[in-house]
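K.L.:
Here are the chains, one letter per residue:
Number of protein chains: 2
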Amino acid sequence: MSSTPSRVHPAWLPPEALAPLTSGTAAVVGDGPCLDTARRELAGARPAPAREADVVVATGDACADDLGLAELPAPPPRGAVTVRTGGRLVVVGHDGAAALRGLYAAARTAARARLAGRSTPDGVSIDAPEQPRRMLDHWDNMEVHPVMGQVERGYAGGSLFFEAGRVRDDLARVHEYARLLASIGIDAVAVNNVNVHEREAHLLTDDLADVARLADVFRAYGMVTYLSVSFGSPRLLGHLATNDPLDEDVRAWWRQATDRVYATIPDFGGYVVKADSEGQPGPFAYGRTHADGANLLAEALRPHGGTVVWRAFVYDHRQDWRDRSTDRARAAHDHFAPLDGRFAENVVLQVKHGPMDFQVREPVSPVIAAMPRTRVAVELQVTQEYTGQQRHVAYLAPAWREYLGFRLDGEHTVAQLAAGETSPDRPQPAGGLAAVSNVGTDAFWTGHPLAQANLYAFGRLAWDSSLTAEEILDEWVALTFAGADDAALTRIAAALHAMMDDSLARYEAYTAPLGIGFMVTPGVHYGPSVEGYEYSPWGTYHFADRDGIGVDRTVATGTGYTGQYPSPWRETYESLETCPDELLLFFHHVPYTHVLHSGSTVVQHVYDSRADAVEQLDDVEGAWASLADLVGTAVPEAYDARVRERLAEQRRSAVEWRDQLRTYFHRASGIPDATGRAIY
Amino acid sequence: MSSTPSRVHPAWLPPEALAPLTSGTAAVVGDGPCLDTARRELAGARPAPAREADVVVATGDACADDLGLAELPAPPPRGAVTVRTGGRLVVVGHDGAAALRGLYAAARTAARARLAGRSTPDGVSIDAPEQPRRMLDHWDNMEVHPVMGQVERGYAGGSLFFEAGRVRDDLARVHEYARLLASIGIDAVAVNNVNVHEREAHLLTDDLADVARLADVFRAYGMVTYLSVSFGSPRLLGHLATNDPLDEDVRAWWRQATDRVYATIPDFGGYVVKADSEGQPGPFAYGRTHADGANLLAEALRPHGGTVVWRAFVYDHRQDWRDRSTDRARAAHDHFAPLDGRFAENVVLQVKHGPMDFQVREPVSPVIAAMPRTRVAVELQVTQEYTGQQRHVAYLAPAWREYLGFRLDGEHTVAQLAAGETSPDRPQPAGGLAAVSNVGTDAFWTGHPLAQANLYAFGRLAWDSSLTAEEILDEWVALTFAGADDAALTRIAAALHAMMDDSLARYEAYTAPLGIGFMVTPGVHYGPSVEGYEYSPWGTYHFADRDGIGVDRTVATGTGYTGQYPSPWRETYESLETCPDELLLFFHHVPYTHVLHSGSTVVQHVYDSRADAVEQLDDVEGAWASLADLVGTAVPEAYDARVRERLAEQRRSAVEWRDQLRTYFHRASGIPDATGRAIY
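First to last, the sequence lines map onto chains A and B.
Residues in the first sequence are numbered consecutively from 0, following numbering that gives the first Met the number 0.
Residues in the second sequence are numbered consecutively from 0, following numbering that gives the first Met the number 0.
Worth flagging that the hints you see were computed from the coordinates, not collected in a lab.
Incorrect hints may appear among the rest.
What the hints assert, rightly or not - Computed, partial: chain B to chain A, Cβ under 7 Å:
#1 Ala-112
#2 Arg-317
#3 Tyr-540
#4 Asp-544
#5 Gln-659
#6 Arg-666
#7 Ala-667
#8 Arg-676
#9 Tyr-679
What the hints assert, rightly or not - From chain A, some residues computed to sit far from chain B (all C-beta separations above 10 Å):
#10 Pro-337
#11 Pro-426
#12 Pro-527
#13 Val-529
Unchecked claim - Quick list of simulated restraints, FRET-style, between CB atoms:
#14 Gly-522(B) with Glu-576(A): 42 to 48 Å
#15 Asp-215(B) with Gly-522(A): 18 to 24 Å
#16 Leu-575(A) with Asp-319(B): 35 to 41 Å
#17 Gly-278(B) with Gly-631(A): 34 to 40 Å
#18 Pro-671(B) with Leu-575(A): 47 to 53 Å
#19 Asp-215(B) with Asp-205(A): 45 to 51 Å
#20 Gly-631(A) with Asp-168(B): 57 to 63 Å
#21 Ala-497(A) with Ala-284(B): 55 to 61 Å
#22 Ser-597(A) with Ala-284(B): 35 to 41 Å
#23 Ala-497(A) with Pro-671(B): 32 to 38 Å
Every residue, glycine too, gets a C-beta built ideally from N, C-alpha and C.
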């Protein structure tokens, strides 16, 4: 049982985090929902004329002179100019949303400087997001799904948006949430699950007034609202005979439905669609392509400036395990790469970062570089479906940063490809970054309080992928524990770095080895089950036998998946000599005695890394325990209780992973652990 | 989706089955609920004076002369005397219930004779049940359990008794069901799940009036009603501080609660209790024994003539798979054998037929012979939890007959031990036979229409364990298809024998091999998952590795379970030379190359028997297809549709079992199939 305090934890925006901005006088110049929000944030400061106030928030149409500045560079699109001079702070955003984000950024800068023990120097900074689109997807159901619960793959309580089959009456918590998102630069939110069940399908029509209430909240924080819609809506909601994207009645139905949406929500973002995937309807049923499908919705949205976010997560989830030639990893590229150039301009193709499904270790999806004339968004998963479900500490930023910095076409990073318009050969505009949120009604938002850092980091990396995971953690710690005194803050930061910097690597080390993935309990995806998916229809196999393990995805002898990569990666992955250890079993089937670049054999690596990783949990627990004297002051008691509860479960689960995998591989290989550690 | 006809199928009591009894004149002598039922059954016959009627039903206090007979032997306890003379049928029961059962028996005799193509000869027969107690347990929940549904391990729709959290208003279907049970000699029914959830606990108190309505129905068919009760009732319902069986307040609470039950239902049967098992409360929490626990309830029931049915299914369901010394198979004997002689006279200890949990192949539980001073009942499972869940044809009678005929102490059969009082050394009176029912609101009662035969066979074997499975199937066919003409009936019988006689052996041959058990998908217990339970806390392991498989339960080198058996079985099972093939892996861990008595190796046996068994399904399907011309006449269309739907699923599932197990053992052993058949 989780210990749940009665108050909601303020995450990284406690009152103290904004204190540096509210201690003097303030002015907000202009009107509009975001500037009104900025005004509320500064309500603790005495009002003053803009020329003289300590803190000024304005938009790009303000004059330098009016703001008491000598000169004022033009704020960049989506960004802001921040001027610090003589103790004054002036934030001028390209628009209200950018100005509000700039205000939060100023709090962040102050917090980081404080942790570093320095003051913020005077000067002018110009800041704009690397990714023009920074979206959070929510897999929230309106009704509690009999298998998936209220929030699909959610580990933090119920939905912030929905309760008992409808949008909540009280949206105070959504306001708090929107504030957190604005502070990390998110600009779009999809409020419902991409698996659109019948009830949720009606959000598009019957429940528009309630969706508008959610959009009102997000608008005040600079975000537009998206809906996940069912491709089957024309039949389901419109009672048409077909959903065929080329059918005139279907096109008319979508146009009219979309017109009604915009009549209610003029700045509506658009639609998110999971089609022909895991049972969702799609264009395949009518012999149409996914371009036909996406363009149908794009046509309806275009007059209003809306966007279709079309997911590339399409594969055969009814695969026969006996079929060794079909390779799920190939599916997205096989389906979508041939369609490059055929999507309308307001279609964004959203591609999971890896070819499978958010495993702890996957290669980068080759689709991201395969469609230069398509707006490609990269999808990450903040919710820890396969990374410990917010019971294990797993700070995801190091992996995300690695993906985003990966030069997939040999030249551009994934972040650059998502941000678009990288070269004349790659003329597509931004797809941007999207992620599946990890929040819920839990008092700590995210179940594990430390999992807040993952949501924080996603926003920050979408803004600037050059930030290091350690820098982001510093920011998050300094903001979250802004109420701690300097000495305490320093100690907390040190402890959390010790716990979190290597946490994902540690999780990887005690779970599925060397890029093989899965090995989780089917359905729930938590805890080990080495053979759990081995004879399933899901296309997630490891082919372990008494001799070896791994999936041969080479062109030479395997499924040919490596051939989907541009050079140099196709050659790198194709060859046993150059394939990195951590992805070895993703690309190759090898004997247990195969010697890794590390010098260890595959099976000894399995034995060692699982045992070593569990031993490291002593240090993780010790780091947290070292803060015991701060509990009740800098660290709330409920926070401490929750963290300790999760650490205990992490250890239990990690021991289970270690022991099951060591035993499984020993039974399979017959090879003893060279270190002599116990195998059960 | 199942095809569901709108009408309820009459199972083995269609109007035609009773036609031989209702074509002439009839008399029922005496009054009482069961005789009234007999009167209703004979309502189609013209009434006549008892001396002259073609069919007469009476009880033992009737005089021969009054019935028009020269002489009349005394009916035995629970039994009846049946006199056939000159076309007249006179049934005289020891009491009304026995008389009613005798009437149904006459219909059965007539049906069997018809199928055999002979007439029933004149004469006197005296018939009494071998088992004085013949009980059906229902694992029905009042509310739909979030995991287990309305009927735990039920595969035939909802509960006949409960709907939406209460006893049904309309009990017409319960009447039909009680009639079916009376016709096979059942005399006791427990109406609710042995896993007593909070709602169901209240049946004992708040819902007594509704339980009484159920008891009224069963009484009219010669059955008493039991409730499954929670050992935690004093705290849960009585708000006492403890459930300690030696606490005075607890004893008083049970006495008073029981007095109230009998005030409402004077012939109430008693309580069924699952204590200290799989999370249910029990006496262990208070440092008391199960004898203390059972005797607590026995004390409350004794003044009213009630019985405690105390289940011996007690084991550690939180076992650590790393612990190779704990053996779940030992648990019931370890817990209960030392308590022999300490249970009150009105306690029946109900023991599952095997030491594990209703696997397709288990040895007989040694507990059944280990407690000569205890009333031991043997529990069978009619619902096919581990035998295909009423989607596979699996006629269970051959296995039950084998268990019941097994001479567990070297002298007495299991049936004799359950029937009690076998010798001065074994003074205990009857425990009897119990089984978990397989019925529900399904229009065919049991999901698979052919699974009706299992319910039928349980009742018949509890009555007479010397009946062969084939004889019972003949009876069931002749009654069920009583409306068919002679030629059709003969063909149907032949087809169903071809489908059903070896169906359980066939199911065994394509599922877990050689007595190893489990290998099912965790939770649902349907379909293969070779390693599904291998690292679980349930104590159900096979220890397969690259060299071999099986559980060493010997005294010499294993868990010592074989030592729980009397001679000669302890020696038989202990030795690899004498252990029967079909139980080899239950008792021994052997290499895949171990040569069976059959001459095959273990691994080749796995390969062959799975492939052969699936091939046999051609004949099963062919047998049913051979009846196609009878569909719409002797075989209802909906019946045919349901059977064909289930046969298709059986094939799909059997192929999956075959292929997964063949692949698993090939991967583990590296040994090719000597026949060269494909391994995936």
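K.L.:
All the hints need checking, so say for each whether the structure fits it.
P.N.:
Going through the hints against the structure:
Taking 7 Å as the C-beta contact cut-off toward chain A, the hint placing Ala-112(B) at the interface is violated, the least distance being around 50 Å. Nearest Cβ of chain A to the Cβ of Arg-317(B): about 13 Å, over the 7 Å cut. The hint is violated. With its C-beta approaching chain A no nearer than about 11 Å, Tyr-540(B) sits outside the 7 Å limit, and its interface hint is violated. The closest approach between the C-beta of Asp-544(B) and any C-beta of chain A is roughly 4 Å, which is under the 7 Å cut-off, so the hint is satisfied.
Annotation: interface hint on Gln-659(B) holds; nearest CB of chain A at approximately 5 Å, less than 7 Å. Using the Cβ-Cβ criterion of 7 Å, the hint placing Arg-666(B) at the interface with chain A is satisfied: the shortest such distance is roughly 4 Å. For the restraint placing Ala-667(B) at the interface with chain A, the shortest Cβ-Cβ distance is roughly 6 Å, inside the 7 Å limit, so the hint holds. Taking 7 Å as the C-beta contact cut-off toward chain A, the hint placing Arg-676(B) at the interface is violated, the least distance being around 13 Å.
Given hint, Tyr-679(B) at the interface with chain A, holds; its Cβ is 4 Å from that chain's nearest Cβ, closer than 7 Å. Annotated as non-interface, Pro-337(A) keeps its C-beta farther than 10 Å from every C-beta of chain B; the closest such distance is 30 Å. Every beta carbon of chain B lies more than 10 Å from that of Pro-426(A), the smallest distance being close to 46 Å; the non-interface claim holds. Its closest Cβ contact with chain B, about 7 Å, brings Pro-527(A) to no more than 10 Å, contrary to its assignment away from the interface.
Val-529(A), annotated as away from the interface, has a beta carbon of chain B within 10 Å; the closest lies near 7 Å. Distance hint check for Gly-522(B) and Glu-576(A): the Cβ-Cβ separation is about 44 Å, which falls inside the suggested range of 42 to 48 Å. The supplied range of 18 to 24 Å is broken by Asp-215(B) and Gly-522(A), whose beta-carbon atoms lie about 44 Å from each other. At about 39 Å, the CB distance of Leu-575(A) to Asp-319(B) agrees with the hint of 35 to 41 Å.
Checked against the hint of 34 to 40 Å, the C-beta distance between Gly-278(B) and Gly-631(A) comes to roughly 37 Å, which is consistent with it. Taking the beta carbon of each, Pro-671(B) and Leu-575(A) are about 27 Å apart, not inside 47 to 53 Å as hinted. Under the hint 45 to 51 Å, the C-beta atoms of Asp-215(B) and Asp-205(A), about 49 Å apart, fit the expected range. Between Gly-631(A) and Asp-168(B), the C-beta spacing of about 58 Å keeps the proposed range 57 to 63 Å intact.
Restraint check, Ala-497(A) to Ala-284(B): a C-beta distance of roughly 42 Å breaks the suggested window 55 to 61 Å. Separated by about 52 Å at the C-beta atoms, Ser-597(A) and Ala-284(B) break the suggested range of 35 to 41 Å. Separation of Ala-497(A) from Pro-671(B) is about 53 Å and departs from the stated range, judged on CB atoms against 32 to 38 Å.
Checked against the numbered hints above, the structure violates hints 1, 2, 3, 8, 12, 13, 15, 18, 21, 22 and 23; every other hint is satisfied.
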